[in-house]
Each structure stands twice: as C-alpha cells, then as structure tokens.
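S.K.: Dock chain B against the given chain A, drawing on the hints supplied.
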Amino acid sequence: MTSKRIDATESHWLALPALVLIAAFIALPCVGLLLLSLSTGFRPGDGWDALLSGPLGLDHYRRMLGDDFVLGRLGRTLAISAAVTLLTLAMGVPLALACWQTRGPIRNLLVYASVMPLLISIVVSAYGWSVLLGRKGLINETLLSMGLITQPLKLMHSDLGIVIGLTHILLPFMVLSVLAALERIPRALLEAASTLGASRWQTHRLITLPLARAGLRSGVLLVFTLAMCAFVTPAVLGGNGTPVFPMVIYEQFSASFQWAYGAALSILLLVVMMLIVAGFLSVSSPKRAA
Amino acid sequence: MKNRLATLIGIVWLSAVIGFVLAPLLIALVVSFSDSELISFPISSYSVRWFATAWQKEIFWRSALNSLWLALAAVAVAGPVGLAAALAIRRAPPAIAQPIEAVLMLPLLVPAIVLSLSLLVASVITGITDAPLRLWAAHSVVVLPYVVRTCLASLGSMPRQVEEAARTLGASPWRVFRHVTLPLMRPGLFAGCAFAFILSFDNVSVSLFLVNQKTPTLPLAIMNYVEYNFDPGVAAVSATMVALSLAIAWLVERMVGLRKVLG
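Which chain is which? The protein sequence lines are A and B, in order.
Mapping the first sequence onto our numbering, position 228 (from 1) lands on 228, and the numbers just tick up by one.
Our numbering runs 1000 ahead of the 1-based position in the second sequence.
Bear in mind the hints are in silico, worked out from the structure with no lab data behind them.
Check each hint, because a few of them may be wrong.
As the list claims (entries may be wrong) - Simulated DEER-style distance windows between Cβ atoms: (1) A:Arg107 x B:Gly1156: 20 to 26 Å; (2) B:Ser1047 x A:Pro105: 29 to 35 Å; (3) B:Leu1246 x A:Ser254: 57 to 63 Å; (4) A:Ala90 x B:Gly1156: 45 to 51 Å; (5) A:Ala82 x B:Asp1130: 49 to 55 Å; (6) A:Gly197 x B:Ala1016: 26 to 32 Å; (7) A:Ala82 x B:Asn1003: 32 to 38 Å; (8) B:Ile1043 x A:Ile207: 47 to 53 Å.
All C-beta atoms in this analysis are idealised placements derived from N, C-alpha and C, irrespective of residue type, glycine included.
Only chain A is shown next, with the shape it has when bound in the complex (with noise of 0.2 Å):
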C-alpha cells in the first residue's frame, strides 16, 4: 500500500460513536414515538414490553382528526407561524440586504444585531418582551402617560404577543439564509446594473432577488416550520390557554396523561410540516426549460 490516500477507509469507523449518538436519543425515541401513537393499550407507568406486544390501532388518529379543538388550535398556529413568516420577510430581507452591501464596522454591527436573539436564550429574550409589552410595561405605561391610550393595551397573552416573540427569535433564520445567497452574487452584476442606469430599487427587484431565491426559499421554511413547533416563547408571551398547537401536545403529556394521544398529536405536527415543506417547494421551485 502506498501512503498517498491516507487512511480514506481505514477512518470511517471514527464516525461511529457520532451515528450511535444519533441512533440511541433521536432515531429510536422517534420510533418509539410513532409506535406510542399507534398503540391502543399503552398506560403511562407500563415497560417497553407492553409497548411492543400491545395492540395497535389507528384510534388515536381517528380521534383526533375528529378533534375540533386540535384542528382549530393547528388552524391557529399555521395563521400565526404565517404572519411570523411574513414579518420576517419584510424585516430580514432588508436587513440581509445592508448587511450585504455595507463594509466594515457598520456591517459588522448589522451582522451583530441580527444574529444578537440566537446567542440569547430565548428565556431572556421572552422576559424581556414581557417587560416591554405587559399591562404595566413600558410600552403600556408610556402610551398612557402621554395620552394616547385610556386602557392598557392587551399586548401580552395575545396573539399578537405570540407574533412579536416569534419574530424576534427566528429573524436571524431568514437574514442568515437570504445573506448566504446573496453572497453567491458576483458584485460585477450589479456594477453592470448601474452602469446601464438602473436604479438601487430596480436592480434589487430585477437582479438581486430573482438571485437570491433560493436563500428567500428556505427563510421561508425555516422561519414558518421553527415557528410552528415552537412552543417556550408562545408560553411565556401567550400565558395561559396558549392557542399554539405544540402547547396542545405538552398538556396531553404534563396535565391530563394521556401519552399515547400526544404522541399522535406529535406525529400530525411533523406530518403537516413536511407537507408544508414538500407543498411550498413544488410551487414555488423555478420551472426550468430543459
């Protein structure tokens, strides 16, 4: 053997503890998940034994597709995770823009400020918003100490206290994904753009963008899947009787212990979010002329 391509197979047995890593706490809990939905006998306190012997049955899925409860709060949160989607757009677009365009200390800044709610703990962040947004927040007290407003405004345990924690959170998702395209961009493009005399506007409409599409693509689903199965801030920012749909599975494992039913409540979520993800990329992938 010479030496020249060293240890190409003689290695791949160093991705192994990796792989088991991997196998023990996601792949086989998953499993161990979808089997809890289907089993029809399973009791919270019964072994692995009663899990794999016991009956299975699709009761559970029937249950819950007859669920108005459960499919409102699904509704709820395909509307919010939408509008969170949305304000991440108009937010994270520009943002990514700038952070594109600019050098130095103000990129760096910029940089900085979108990627600031991913090196926080969203604890923080959700404690921050609600000092901001509460009865007697900030917000509320200085609108009323003006005079605009006569009654507190109801920004916490709302919805729309939902939509703003959210947005915070998963900005720097779409500013990240929107950049990393945009970085793909050769600059002589848009040197050619001017040069021909179109505007800023224009040539981000007629060139950048159009390029950028596939960052946009998976902001887009990145921001719309986290805000779906997030359920820590919603918590914090929608107190109680959060109208999320993952708050829907948390009570059926914390309050009312019916597990096997909140695994199947889990399993609807992953399946409605890759049909999500499958629907939006068929519609949305560039027809290309072969």
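M.R.: Showing chain B alone in chain A's frame:
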C-alpha cells in the same frame, strides 16, 4: 430626489428593525440596574443591588451550577465525538461522506418538542428516569451538529498535503493527528465547543420535559420565577446570562467567525 427618499425610508426601516431586535435585551439590561422593589417605569434610581440579591437566592445559583455542569458534560461528549465524525467525513469519498453528514444534522431538523418528548417517553418506558442522565443525552445530541459543522469548516481550510506529507515521512496516523491535524484545527474545535456550551447553557425547549422540577436548569428557573414574581432580580440574572453569551460569541468570532458556526 426619488432615490434619496427611498434611501431615507430604507435607513429608517433598518433602524426600526435593529431597535426591535435589541429592545428586549436592552430593557432587561436597564431593568437589572433598577433600585426599586418592583419593575416600574420610569426607573427612578439605579443600583447593582439586584445582582447581589438575585444571585444569593438558592434557586438561581444552584440552577446555574446545574446548567454549568450539564453544558460541560454535553460538550465533553459532543466535542470528541463531533471531532472524530468530522475527520471521518472529511476523509471519506462523497458518496459516504454526504449521507453521514446529513444524518449528523438530524438534531437540527427534528423539532425540539418532538425530540424531548420522544426522549421522555423512551426514558420512562425503559425505566431510566434519572433526570441529569437524560438531560445529558439530550443536550449532547442537540449540540453535536454545531461541533461537526465548525470542525468541518476548519478542516476544509486545511490543505490535505500537510497530513499526507507527515504520513509519507513515516508518522503513524495517531502522530499525524496529534502533531499536525489537531493543532491546525484547534481554533475550529474550540469555537465549536464554546458555541455548543452556550447553546446547552441557554437551552430551555429541550430541557423542559426532561428536567426534574426540583433541580431545574437556569433558564427553567428563570421561566418558573417570572410566572409569580415581578422584581428586577430576574433581569439581573438575565443580564448575567447575556454577558456570558456575548463573551463566548465574541471568542467564537475571534477564533473562526460566527457565521461559520451558525451556517
């Protein structure tokens, strides 16, 4: 003229967006220095007393220690395991490397609620219900992709020839790793581990189901505390956490650049 107006609108909008991003952090920071018993506006006098008061509360310092140990334990697993996986991916032909890399990114794709619920179910039906143990497992696997990603980034910027040269000169694979590969990728490994540490330390959505409510992690202690208390103590604890996160982010930026870790 029209152009200038558009630029102006753009700048105003961007400033508003940046204000929006920073607002909740700044308000936590400002409130943490308030002197009053309850959070109220406008803030009349400032002091640092809430930092002392809050950190003397057993619930906060104890849960901070829990979080610290948990994050260190998670990094102790994800660091070496992620490094090894990155080496394997880098050396394997694309047909093997790509599927392995895709599988290792799974923790980023599975929603936190599904991940933690499935681990909760697994822990209960197997009877292994020790909370620290299942938190350790969950956090290790959740931060793994970030270690793999930064290690791959720093391996990618290292020319293959240096390893091959060492090998040709007769060094054993271990010696090549120890004296050539590891020193060259140390910044990437360090940055990946530092980022993994802070992600684990700040995490709440994965911990929520797996934690023992009597010995919570710091973010969960904060979450429980704010449900019933409205004093600036939590702001002081939050401000401390923000300072820790920013210090680590700054270190990561210095070592490899934040963008490489965030993807």
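S.K.: Indicate, hint by hint, whether the structure satisfies it.
M.R.: Hints, one by one, checked against the model:
1. A:Arg107 x B:Gly1156: 20 to 26 Å: The hinted range 20 to 26 Å holds for A:Arg107 and B:Gly1156, with Cβ atoms some 24 Å apart.
2. B:Ser1047 x A:Pro105: 29 to 35 Å: holds, 33 Å
3. B:Leu1246 x A:Ser254: 57 to 63 Å: Hint violated: Cβ distance 33 Å, outside 57 to 63 Å.
4. A:Ala90 x B:Gly1156: 45 to 51 Å: violated, 35 Å
5. A:Ala82 x B:Asp1130: 49 to 55 Å: violated, 41 Å
6. A:Gly197 x B:Ala1016: 26 to 32 Å: Holds: the Cβ-Cβ distance is about 31 Å, inside 26 to 32 Å.
7. A:Ala82 x B:Asn1003: 32 to 38 Å: Holds - the Cβ-Cβ distance for A:Ala82 and B:Asn1003, about 33 Å, lies within 32 to 38 Å.
8. B:Ile1043 x A:Ile207: 47 to 53 Å: holds, 48 Å
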